Every structure is written in C-alpha cells, then in structure tokens.
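With the first letter of the sequence shown counted as 1, position 60 gets the number 60 in the working numbering; the numbers rise by one all the way through.
Note that these hints are calculated values from the structure, not bench results. Please read all numbers here as calculations on a predicted model, not as lab measurements. Backbone N, C-alpha and C define an ideal beta-carbon position, used for all residues, glycine too. Possibly wrong hints are sitting among the right ones.
Claimed, not checked - Label-pair ranges, simulated between beta-carbon atoms:
hint, residue 1, residue 2, range
1, THR2, GLN81, 13 to 23 Å
2, HIS59, GLY83, 36 to 46 Å
3, GLU56, TRP78, 20 to 30 Å
4, THR44, GLY83, 30 to 40 Å
5, ASN66, ALA39, 30 to 40 Å
6, PRO14, LYS62, 32 to 42 Å
7, VAL4, GLY83, 16 to 26 Å
8, LYS79, HIS59, 28 to 38 Å
9, GLY43, GLY83, 12 to 22 Å
Stated by the list, open to error - Okay, derived cross-link-like pairs now, DSS-like style, lysine-lysine, Cα gap no bigger than 30 Å in a straight line:
hint, residue 1, residue 2
10, LYS26, LYS57
11, LYS57, LYS80
12, LYS79, LYS26
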Amino acid sequence: MTAVSLEDSLLVAPREEWVLFQNRDKFDVVVLYDTCSEAYGGGTDPLSAFVRAVFEKAHGNKRLRNTPMLLVGGLEAWKKQFGDEVVRGVPGGTRAPPTRKRHQ
C-alpha cells in the first residue's frame, strides 16, 4: 500500500473524503480509528499499513506534519463515552452507513 494507491482508490469515494485525503498534509493532527483497536497491531494490520503509507514512507509535500494518533478503543469506545448520536453519518446512531460495491 502506498499513499498514491490510497489516493487512487478514493476516486470512487465521496468527493469530501477524497478532498480531505488530498489535503492531509495541511492538518496538525490526523486521528485513525477502527471499531475497537487498543493499539497498532504490528506489521501487517491495516492501521499500521496506513501509517507506513502516509507518514513513514510518504515523500514530497504530502507527508503528514505529525505522527497519526490512534483513537484508543476505536469507534466503540467513542460512542460509549459520547453516545451514538454524535457519530456523523450514522442517522440516529442506530445503523451503519451503507456499503458500496467496488466496480472493476
């Protein structure tokens, strides 16, 4: 995985997500999360691979300003602390956002 391959894969994502990723080097803090991770899992887990792609191996003007932070406990811990209703994109906090099929 590389930052360029991530950019390419986001071409099918909502434009807002693509724009945010394109401007990742302009943010002071980037926070990564998944469902419930307490730590980075090591060499092959998706979060570690992402950090390598956009921070450790990034070249040029798109390198993150700081090491990405991990939301300890993931989205589940966030919702437990602040409630489901504060999660953007989940209407009423009761269901997951729809998944999209990838076209090849």
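For the hint 13 to 23 Å, verify it against the beta carbon of THR2 and that of GLN81.
For GLN81 against THR2, whose Cβ atoms are near 34 Å apart, the range 13 to 23 Å is violated.
Between GLU56 and TRP78, does the beta-carbon spacing fit 20 to 30 Å?
Once the Cβ atoms are compared, 26 Å apart, the range 20 to 30 Å for TRP78 and GLU56 holds.
Look at the Cβ atoms of GLY43 and GLY83 and judge whether their distance stays inside 12 to 22 Å.
violated, 35 Å
How does the Cβ-Cβ distance of VAL4 and GLY83 compare with 16 to 26 Å: does it lie in that range?
Violated, since VAL4 and GLY83 (Cβ atoms, about 38 Å apart) do not stay within the stated range.
Check the following: the C-beta atoms of LYS79 and HIS59 are separated by a distance inside 28 to 38 Å.
At 36 Å between Cβs, range holds.
Evaluate the given range 36 to 46 Å for the C-beta pair formed by HIS59 and GLY83.
Roughly 40 Å apart at Cβ, these two residues keep to the hinted range, so it holds.
Can you let me know if the beta-carbon spacing of PRO14 and LYS62 is within 32 to 42 Å?
violated, 20 Å
For the hint 30 to 40 Å, verify it against the beta carbon of ASN66 and that of ALA39.
violated, 18 Å
Could you check the hint for me, namely that THR44 and GLY83 are 30 to 40 Å apart, CB to CB?
holds, 33 Å
Given hint LYS57 paired with LYS26 - CA-CA distance at most 30 Å
Satisfied, since the Cα-Cα distance of roughly 17 Å is no more than 30 Å.
Check the hint pairing LYS79 with LYS26 against an upper bound of 30 Å on the C-alpha distance.
holds, 27 Å
Mind checking the alpha carbons of LYS57 and LYS80 for me, to see if they're no more than 30 Å apart?
At roughly 34 Å apart (the allowed maximum being 30 Å), LYS80 and LYS57 break the hint.
Of the numbered hints listed earlier, those contradicted by the structure are 1, 5, 6, 7, 9, 11.
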